[in-house]
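Those sequence lines, one after another, are chains A and B.
Per the numbering used here, the very first residue in the first sequence carries number 4; after that it's consecutive.
Per the numbering used here, the very first residue in the second sequence carries number 4; after that it's consecutive.
FYI, nobody ran anything at the bench for these hints, they're computed from the structure.
Some hints here could point you the wrong way.
Because identical chains share one entry, a pair is satisfied inside a single copy or across any pair of copies.
[To be verified] Keeping only pairs whose Cα atoms sit at most 35 Å apart, straight-line, the calculated DSBU-like set for lysine-lysine is:
1. Lys47 - Lys336
2. Lys244 - Lys306
3. Lys306 - Lys237
4. Lys287 - Lys306
5. Lys237 - Lys281
6. Lys67 - Lys198
7. Lys245 - Lys22
8. Lys281 - Lys47
9. Lys244 - Lys327
10. Lys336 - Lys22
11. Lys22 - Lys199
12. Lys245 - Lys47
13. Lys287 - Lys198
14. Lys237 - Lys67
15. Lys78 - Lys245
16. Lys244 - Lys67
17. Lys327 - Lys245
18. Lys67 - Lys245
19. Lys47 - Lys237
Here the structure is a predicted model, which means the values were calculated and not measured.
Number of protein chains: 2
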Amino acid sequence: MDPQDHHRSPSLQPPELEKILVLRRPYIFSVHEHDFSNRFHLLKAYESPLPLHDFVHAHAQCVKAVLCSGTYPIKAELIRHLPALQLIASAATGVNHIDMVECGRRGIIVTNAGDTYSDDVADGSVGLLIDVMRRITSGDRFVRGGYWLTSTHYPLGSNLRGKRVGIVGLGNIGSRVATRLEAMGCIVSYTSRHKKHSTPFTFYPNILQLAFDSDALVLCCSLTNDTRHMIDNKVMMALGKKGVIVNVGRGALIDEAELVKCLVEGDIGGVGLDVFEKEPNVPKELFELDNVVLLPHNTAFTKESFYDAAQVLIGNLEAFFTNKPLLTPVDNKF
Amino acid sequence: MDPQDHHRSPSLQPPELEKILVLRRPYIFSVHEHDFSNRFHLLKAYESPLPLHDFVHAHAQCVKAVLCSGTYPIKAELIRHLPALQLIASAATGVNHIDMVECGRRGIIVTNAGDTYSDDVADGSVGLLIDVMRRITSGDRFVRGGYWLTSTHYPLGSNLRGKRVGIVGLGNIGSRVATRLEAMGCIVSYTSRHKKHSTPFTFYPNILQLAFDSDALVLCCSLTNDTRHMIDNKVMMALGKKGVIVNVGRGALIDEAELVKCLVEGDIGGVGLDVFEKEPNVPKELFELDNVVLLPHNTAFTKESFYDAAQVLIGNLEAFFTNKPLLTPVDNKF
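Okay, chain A solo, but in the shape it has when bound:
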């Protein structure tokens, strides 16, 4: 046996570090893994030769906390296999991947990344809106493809000033999107679960009417049973042939099959998508379209937001283990 192996053995992990189950390697570990491994004993299911079920079973009695990213589903079945579980600390803001009903039933607390990503998602959504309306990514393809040399007339885009933009979900992200769009001279309206009395923007209780009255929609709400497929064929037809949709929320806010159909048939003007129904799978039909901008679910991710998110995650985990108030507990309505 290589003596080096001793140093790698989990049995030599300092005993005072609290154990945290990590099911899949979170994206944030690509930069900040050491910040976690220095403070916690990470039980990495994804590095174990054991099948996930066996790995979970082996640590079931001692795992009080799970650290998860925003895409790996934390289902009721898994939660039931962890009788000691008290905390799920998510690196994401949205918690639609976590079974909140089971957490509520068990009294398991869920923390998220709080407001960490809001500015970056807002910047990304405004970037996508400008990109689609002003044809930036397709313009770049035009130049890189050498077409400028033979065809001087690149198709015209649409301006932003005076355009009516409907924000779907005027929360931490949506309100930041509104500030940015106002600076560009857009006319901002919104729909949300409730009218916000602190904002000057026009409230629409109904997404269909908002779509009728908008040139573009920016989706930045949570995915819930109420919002799943809220952007359906009717909403897209109401938005119309010149209408643009930006989605930085979750893929399933849109009926993706209908979206593809509407785009292919020219029933809407264009889309900027950071999120998809079956990530990382993206409908192939979109790859052929020039009025579409596609991102790999990364509008939240910058060097700076990763640093901030790591601090929030570590803060929540340390607070939990030392019985201090959590930084960003999620209000569990279930």
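We have chain A already, so just place chain B on it with the hints.
Just chain B now, kept in the frame of chain A:
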């Protein structure tokens, strides 16, 4: 002879329409040519079988007005061949393609598109800045290329909030860029010919010091003898390895050969370019780089700005021919 030809003959043009020389088909004609041909007798050099010199010579005595786009050079030699010329009406805002010294000497008035394009160029420059910093166009390539399926970790971009952005030229466009960047939480400074006492932003008399103190530079000044190659190797090295440059002014504001060298060697962080030194030629080395966004000199062009520009051009031409005040005469300092 086909009797149809009579209808096409210039001799049947209604005599009351004023003659305007058009040397190259302006981009704006792709949408609004009829708005001009309904009001003026367009002498289109680019549709004549005659060589340009002969065409100009044939109409030299009667041409009082030239309509030009933003790229075709109006040189002293051409102006000297038009003894009756009194007005050059440009569809662009910048007049660096017109020999203003010769115009000043001859008392020829130059009009431009005024403020028509300012909002669209500002939106485009902010779109380019977000795109480069947040890697939107390269993200779209990543998704379209199918790389998301095999590599989940797309490289992180940089956030905008708190970044120090230096605006080069705080005029109609630059001040609009500043408003947009402030809404994103950027810290705005600027350099300009003169300190503007009406703005709250920090003024730098020196581009080199501005570059030292900035994370990004947005170039939206005119091209003059003073600004040609103002972004040279020294300025780029001062901006540094993470620094971003957006150029929506004119290509020759940057020493393009040095820019390519700095990008290839990693001496600056990235660029968003709407303009180039030898348009439509773009240095091939840029096509290989992922931290570069390239546009075909179109940040000014939308359906809406074209409509507005057509109104301004027609307004200037009609004002000239009816001895009324011009809408947007250019102050000729030469």
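Evaluation of the provided hints:
| no. | hint | verdict |
| --- | --- | --- |
| 1 | Lys47 - Lys336 | within (30 Å within a copy, 70 Å between copies) |
| 2 | Lys244 - Lys306 | between (37 Å within a copy, 15 Å between copies) |
| 3 | Lys306 - Lys237 | between (39 Å within a copy, 27 Å between copies) |
| 4 | Lys287 - Lys306 | both (30 Å within a copy, 30 Å between copies) |
| 5 | Lys237 - Lys281 | within (22 Å within a copy, 48 Å between copies) |
| 6 | Lys67 - Lys198 | neither (39 Å within a copy, 61 Å between copies) |
| 7 | Lys245 - Lys22 | neither (53 Å within a copy, 38 Å between copies) |
| 8 | Lys281 - Lys47 | within (25 Å within a copy, 55 Å between copies) |
| 9 | Lys244 - Lys327 | neither (53 Å within a copy, 42 Å between copies) |
| 10 | Lys336 - Lys22 | within (28 Å within a copy, 74 Å between copies) |
| 11 | Lys22 - Lys199 | neither (42 Å within a copy, 59 Å between copies) |
| 12 | Lys245 - Lys47 | between (48 Å within a copy, 34 Å between copies) |
| 13 | Lys287 - Lys198 | neither (38 Å within a copy, 52 Å between copies) |
| 14 | Lys237 - Lys67 | neither (46 Å within a copy, 56 Å between copies) |
| 15 | Lys78 - Lys245 | neither (40 Å within a copy, 41 Å between copies) |
| 16 | Lys244 - Lys67 | neither (52 Å within a copy, 44 Å between copies) |
| 17 | Lys327 - Lys245 | neither (52 Å within a copy, 39 Å between copies) |
| 18 | Lys67 - Lys245 | neither (51 Å within a copy, 41 Å between copies) |
| 19 | Lys47 - Lys237 | neither (45 Å within a copy, 48 Å between copies) |
Hint violations for this structure: numbers 6, 7, 9, 11, 13, 14, 15, 16, 17, 18 and 19, all remaining hints satisfied.
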